[in-house]
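Number of protein chains: 2
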Amino acid sequence: MTESQIIQNIRKHTPLTEADATTLFSFFTHRKLRKNEVVMAQGANPALFVLIKSGCLMTYHTDTQHQVHIIQFGTAMWWTGDLSGFTQSQPSQYTVKAMTPADVYVTDLPRFEKMMRTLPALERYFRVIFQNALVSHQKRIVINFAASAQEKYRAFQKQFPGLELIVPQKYIASYLGITPEFLSTIRHRKAKS
Amino acid sequence: MTESQIIQNIRKHTPLTEADATTLFSFFTHRKLRKNEVVMAQGANPALFVLIKSGCLMTYHTDTQHQVHIIQFGTAMWWTGDLSGFTQSQPSQYTVKAMTPADVYVTDLPRFEKMMRTLPALERYFRVIFQNALVSHQKRIVINFAASAQEKYRAFQKQFPGLELIVPQKYIASYLGITPEFLSTIRHRKAKS
DNA sequence: CGTCTATTTGAATGTACTCAAAAGCGGTGG
DNA sequence: CCACCGCTTTTGAGTACATTCAAATAGACG
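Protein chains in written order, with our numbering: chain A, 1 to 193; chain B, 1001 to 1193.
In short, the hints are calculated from the structure, not lab data.
The C-beta atom is built at its ideal place from N, Cα and C for all residues, glycine as well.
Be aware that a few hints might be false.
[Said to hold, decoys possible] Reference excerpt, derived from the structure (chain B facing chain A, CB under 8 Å, subset only):
1) 1087
2) 1130
3) 1137
4) 1138
5) 1140
6) 1141
7) 1144
8) 1148
Could you put together the complete structure from these sequences and hints?
Structural data, given as structure tokens:
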């Protein structure tokens, strides 16, 4: 994804002049990531906000018992990070790591706020982005209640086609909230039916 | 909560003139609800967006097997409804019902969009509202993975103190994603320890 | 080729569910 | 004020889905 494609995406939701478009990237740091490289580690202060230009990243939390919980997978044009820590200028609760080689844009709260004051048209863009994210999170909550592990796995395959080939299964298991062992038996069952 | 208190709340996030403040309410319909009265039924077309002025409401989805899943409880100054249906002008997937006598403000997408064009300062307000909602939904997803039913129940009590006294336990069970029977046994265990 | 990590497989266990029935509670009418 | 009705909550027995632990196998990468 190129910078101009990113701008096109933003323009779907809010108007942006050519000047705005170039200004926008000045509020971000561009980083190239190797596979398994970490953009932001848990505990990093302050928490960052990340726009994925290309590649596949995952965001996860490690709890006090060293268990990993995958919050989300993200690909091009997704925003990720620890929104809670970011907005409150607190350390990140989550780690963001590249699953494949990736390009990202990174910012912190002072720069983000300056961007919002400079380009108020972005308020609308982020309003819509967060609104859509909220909808998908609500759906994820409902499906986690209603569905069996088997159904959750199928829903995952449908939502992220091809991601299985990139991401180790133990992480998919974590995203679905089940153990890797049980995901393995489910997949075996699936092959039979 | 009075209209002027609502405006004060919105002003915490974005500036609003006196004129704006009076205009704002013209985009909503005010409704008084009795206990158990439904603001918006599942299937209602189009889906509505609801601001709670006072009282306690719940939003839930009924699946094809007549199972009820509580999406959220809300009190004064909370926004609720079916955001997905609302933004896509589709029928509501959720029902919104008053648990106590309540006052609400209701709007539909055409009026909401007109409001956003008339009062663009609200883009920022909703950006922040959705951002905060997103954070709490993320936390709910993580806790549902990590925690046992017992821990989820404790977290619920902490997040909504006193709500247990208002809401029948079977709905709390549904919100937590467990059966009412199991919630009952958990509460019994809790009394012992 | 060897090492390290991921996946598979299986047995034993546990958490939470289903079904059923009894007890509690709140409202309503006699 | 009491008695009844419907709904909610409790209790218990049996069951199922998913977990834990352990060990074997397969894959990835230097």
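Each hint tested on the structure:
no. : hint : verdict
1   : 1087 : 6 Å, holds
2   : 1130 : 4 Å, holds
3   : 1137 : 4 Å, holds
4   : 1138 : 6 Å, holds
5   : 1140 : 6 Å, holds
6   : 1141 : 6 Å, holds
7   : 1144 : 6 Å, holds
8   : 1148 : 13 Å, violated
The structure does not agree with numbered hint 8 stated previously, though it agrees with all others.
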